[in-house]
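If you read the protein sequences in the order shown, they are chains A and B. Letter by letter, the first sequence follows residues 806 to 1055 in our numbering. Letter by letter, the second sequence follows residues 406 to 1039 in our numbering.
Quick caveat, the hints were computed from the structure, so don't treat them as lab data. Since the model is a prediction, treat every value here as computed from it, not as a measurement. Keep in mind that a hint or two might mislead.
Stated by the list, open to error - Straight-line Cα separation of at most 27 Å, DSSO-like style, residue types lysine-lysine; simulated pairs:
#  : chain 1 : residue 1 : chain 2 : residue 2
1  : A       : LYS948    : B       : LYS669
2  : B       : LYS517    : A       : LYS948
3  : B       : LYS702    : B       : LYS669
4  : B       : LYS572    : A       : LYS969
5  : A       : LYS948    : A       : LYS1011
6  : B       : LYS626    : B       : LYS925
7  : A       : LYS948    : B       : LYS778
8  : A       : LYS969    : A       : LYS992
9  : B       : LYS626    : B       : LYS669
10 : B       : LYS787    : A       : LYS948
11 : A       : LYS915    : A       : LYS1032
12 : B       : LYS626    : B       : LYS778
13 : A       : LYS1039   : A       : LYS1011
14 : A       : LYS969    : A       : LYS915
15 : B       : LYS1024   : B       : LYS1003
16 : B       : LYS787    : B       : LYS669
17 : A       : LYS1032   : A       : LYS1011
18 : B       : LYS497    : B       : LYS520
19 : B       : LYS1003   : B       : LYS925
20 : B       : LYS520    : B       : LYS723
21 : B       : LYS572    : A       : LYS948
22 : B       : LYS520    : A       : LYS948
23 : A       : LYS1049   : A       : LYS1032
24 : B       : LYS520    : A       : LYS992
25 : B       : LYS703    : B       : LYS497
26 : A       : LYS1011   : B       : LYS778
27 : A       : LYS915    : A       : LYS992
28 : B       : LYS626    : B       : LYS743
29 : A       : LYS969    : A       : LYS948
30 : B       : LYS572    : A       : LYS915
31 : A       : LYS1049   : A       : LYS1039
32 : A       : LYS811    : B       : LYS669
33 : A       : LYS915    : A       : LYS1011
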Amino acid sequence: MGYTSKFRVWRGDDTDGGLVDFEVEVNEGEVVLDIVHRLQATEAPDLAVRWNCKAGKCGSCSAEVNGRPRLMCMTRMSTFSQDEVVTVTPLRAFPVIKDLVTDVSFNYQKAREIPSFAPPVGVEPGDYRMQQVDVQRSQEFRKCIECFLCQNTCHVIRDHEENKEAFAGPRYFIRLAELDMHPLDVKDRRRGAQEEHGLGMCNITKCCTDVCPEHIHITDNAIIPMKERVADVKYDPLKRILLKITSRDD
Amino acid sequence: MSQIERHTYDVVVIGAGGAGLRAAIEARAQGKSVAILSKSLFGKAHTVMAEGGIAAAMGNVNNNDNWQVHFRDTMRGGKFLNNYRMAELHAKEAPQRVWELETYGALFDRTKDGKISQRNFGGHEYPRLAHVGDRTGLELIRTLQQKIVSLQQDDYITTGDYESHIKVFAEFAVTDLLLDESAGQPRVAGCFGYYRETGDFAVFQAPAVILATGGIGKSFKVTSNSWEYTGDGHSLAIRAGSTLINMEFVQFHPTGMVWPPSVKGILVTESVRGDGGVLRNSEGRRFMFDYIPDVFKKQYATTEAEADRWYTDPDNNKRPPELLPRDEVARAINTEVKAGRGTPHGGVFLDVSTRLTAEQIQTKLPSMYHQFKELAGVDITKEPMEVGPTCHYVMGGVEVEADTQAATGVLGLYAAGEVGGGLHGSNRLGGNSLSDLLVFGRRAGEAASTYVDAAGAAAQITDDAIARAQAHALAPFDGDGSENPYTIHSDLQQTMNDLVGIIRNGTELRDALDRLESFKSRVRNVTVTGGRVFNPGWHLALDLQSLLLVSECLARSALAREESRGGHTRDDFPAMDPQWRQVNLICRMTDKQVNVSKQAVPTVPNELLSLFDVTELDKYFTGAELAGVTGGAH
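Chain A on its own, in the form it takes in the complex:
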């Protein structure tokens, strides 16, 4: 069953590094992360890689496999032909710490900028009542395992470092959508989405949806509906007139 695969792994840090070739044993059913582990146990004990569950649930082992953002634990070696060179590189949108490990703190900063769940006033714990059909929309976004593959692939920041400050990224657009669609959240998140978090910079190329290992419909179910909600509040001509009148009163 086993065969020898040609594996190419990026090694180095933020200042210096390159691709290193390995020839490594592959057995039936194995995934890319198994092969990285075999390299650690044999030829490269200090090869840096992040991983936790190896079951597609924690979102730690994100990398680019043959240029495509993937979870290494969910990428089976059988998806490549046996003579194909498999190239594993770190996420490109974030600074490399070492080898396959990148500094993803950008995402944690953005998480902090999103206003949290605003619970309904006067509803005691235990008295929350919501229908399944109403929670389902937000539940889809709460499937997110924070692998940050969507953040990594989004060309708004992948190719434009300078956009990072103004742009929260797809992971946080689904967080905004999740809260806006939460049946009991009392905060209006529409203006903030546009004015604070850069929703308008997304031009819905759906790359994020494409790479999501949880198959969340990021663009169709979160970003586009949020854009529509923003348009409703910000660009409705009648409302604009009304707003002008009322703001004059202020």
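Given chain A, put chain B in place with the hints provided.
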């Protein structure tokens, strides 16, 4: 030495899973400054792997449920070795802890009347597990993570600094607890550890430390546990002078994936059975009917027809034996496979495709569908899964005071969640772990805060203590080059799997202890190459020390307990013995050696015992213990 980073906090929480985060939230609520030291990135802790749900007697689906029923189920599941007070607090407080999560933003699946839905699970008399499909752990960790962020946002508004009261130190591993031993009983002064990212060291000075480090599953080869589960907290506690309790009890979850080899051990949630999945051997027989032990005969169906009726009419039929507690099901599967009635890959069949529609399976068990499809090429809506036992949970842990989670022997040290011992007795029920994290995480956070109020600032940490901790952490760079940490780890896992696994005996356990001795000397020769920046070889070399120490505690306790109970089965002592029910085994370090001693199990007060039928108690307790007990409510 001068470059070592120093921090001062009121409370340091080691571990950022459910228990650690809930503890931090509580300590913050009590006005304390809190550091959370997380071995992984924030939000990646092992809690994320929990699938089925969180047990709490809310009675949303069956209003006969209440804390007394939950208490009874927990004690039964643990074969009455549980710390009764923890089981009582847990059953009473779990509903409040779950409801609280909704105020943090959690979105559980709903009943028709809009309440939190609850599902059936092994050993629970009524549908009791609040859940979100089969990704409940993810919901729990994310909710707590987001609550921490929201508290940081509040602090930002008042202080201009997100991290003025709670700071998460991501990818920070603790290698030593620092103690003040100047006045009799040792007390916590802080801890020492390294940033995985840079290899730099840091010292935290704090009067109270809460261990919330989870379990020990990486001691075993076939395990559902993630890389972090290396027994760090267990090891820190016993090395500091505290004690570990019930370490012989390890839960082997009955259903892990068995094929392909690289995914062997990955969890298949008990919800599959809770939602109707049945177990069959290679002959097509629903074998669990052959394995209903006497103590459970009254609660489980003895015919397929009755078991099948239970799914639609639970009030008038008994539950199917697939939903027996995990220890029973795991042993049964093990026996079937050994008797030659296993599947081609050495498991048994778990089939949900005949009872639920493809759509129902994809709604109720989406992760399982996804996991089998992507990792094994199996479509569970059409064909059965192949499953077998996998190391899942350690019931044993730091011996704690039930109400406060204060660790024995070291002032200022607390333990909550899987690293704490006692609640689950000899076997944990599914769903009781997530509730454990919340109930006792909160209690630990509260008690640590109260302790800090009384104890004041932490003792000064000497340069000498820091130098020792640093030397300990750097030692693997100075080995003689003869041993590779990955090889030793793999050998250790194989040994534990083969000799201290689901079925044990004295000869094998003694053999295991001999081998553990040889691993100890090998670990001293471990050498790591490369630098200190994110070096997994170095990290594993340090983790190996904890793994070895907990493995030894486990094997020694297993050898000492000469009976079979829950997550400890001896084929040389196959019976459950009421005399042993009165005994907890305690591990402590004396002169750098692990010693095991016997200690009496706390006596269950009559008002709790009387919640049971005396004829049931007869099967567990000695006649002398039951004299004067007049239970009979059920």
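Each hint tested on the structure:
1. A/LYS948 to B/LYS669: holds, 24 Å
2. B/LYS517 to A/LYS948: holds, 22 Å
3. B/LYS702 to B/LYS669: Measuring from Cα to Cα gives roughly 32 Å; hence the hint is violated.
4. B/LYS572 to A/LYS969: Cα-Cα ~23 Å, so holds.
5. A/LYS948 to A/LYS1011: Holds: A/LYS948 and A/LYS1011 sit about 18 Å apart, inside 27 Å.
6. B/LYS626 to B/LYS925: holds, 18 Å
7. A/LYS948 to B/LYS778: Distance ~18 Å between A/LYS948 and B/LYS778 Cα, so the pair holds.
8. A/LYS969 to A/LYS992: holds, 25 Å
9. B/LYS626 to B/LYS669: With a Cα-Cα distance of about 9 Å, the restraint between B/LYS626 and B/LYS669 holds, given a limit of 27 Å.
10. B/LYS787 to A/LYS948: holds, 24 Å
11. A/LYS915 to A/LYS1032: This hinted pair holds, its Cα atoms lying about 19 Å apart.
12. B/LYS626 to B/LYS778: holds, 24 Å
13. A/LYS1039 to A/LYS1011: holds, 24 Å
14. A/LYS969 to A/LYS915: holds, 9 Å
15. B/LYS1024 to B/LYS1003: holds, 22 Å
16. B/LYS787 to B/LYS669: holds, 21 Å
17. A/LYS1032 to A/LYS1011: holds, 14 Å
18. B/LYS497 to B/LYS520: Status holds; Cα separation ~19 Å.
19. B/LYS1003 to B/LYS925: holds, 26 Å
20. B/LYS520 to B/LYS723: holds, 26 Å
21. B/LYS572 to A/LYS948: Holds, because 26 Å separates the two Cα atoms, which is no more than 27 Å.
22. B/LYS520 to A/LYS948: holds, 21 Å
23. A/LYS1049 to A/LYS1032: holds, 22 Å
24. B/LYS520 to A/LYS992: holds, 22 Å
25. B/LYS703 to B/LYS497: holds, 25 Å
26. A/LYS1011 to B/LYS778: holds, 24 Å
27. A/LYS915 to A/LYS992: holds, 18 Å
28. B/LYS626 to B/LYS743: holds, 19 Å
29. A/LYS969 to A/LYS948: Status holds; Cα separation ~24 Å.
30. B/LYS572 to A/LYS915: With a Cα-Cα distance of about 16 Å, the restraint between B/LYS572 and A/LYS915 holds, given a limit of 27 Å.
31. A/LYS1049 to A/LYS1039: Within the cut-off at roughly 12 Å; holds.
32. A/LYS811 to B/LYS669: The hint holds at about 25 Å.
33. A/LYS915 to A/LYS1011: Holds: A/LYS915 and A/LYS1011 sit about 20 Å apart, inside 27 Å.
Consistency with the previously given hints fails for number 3 only.
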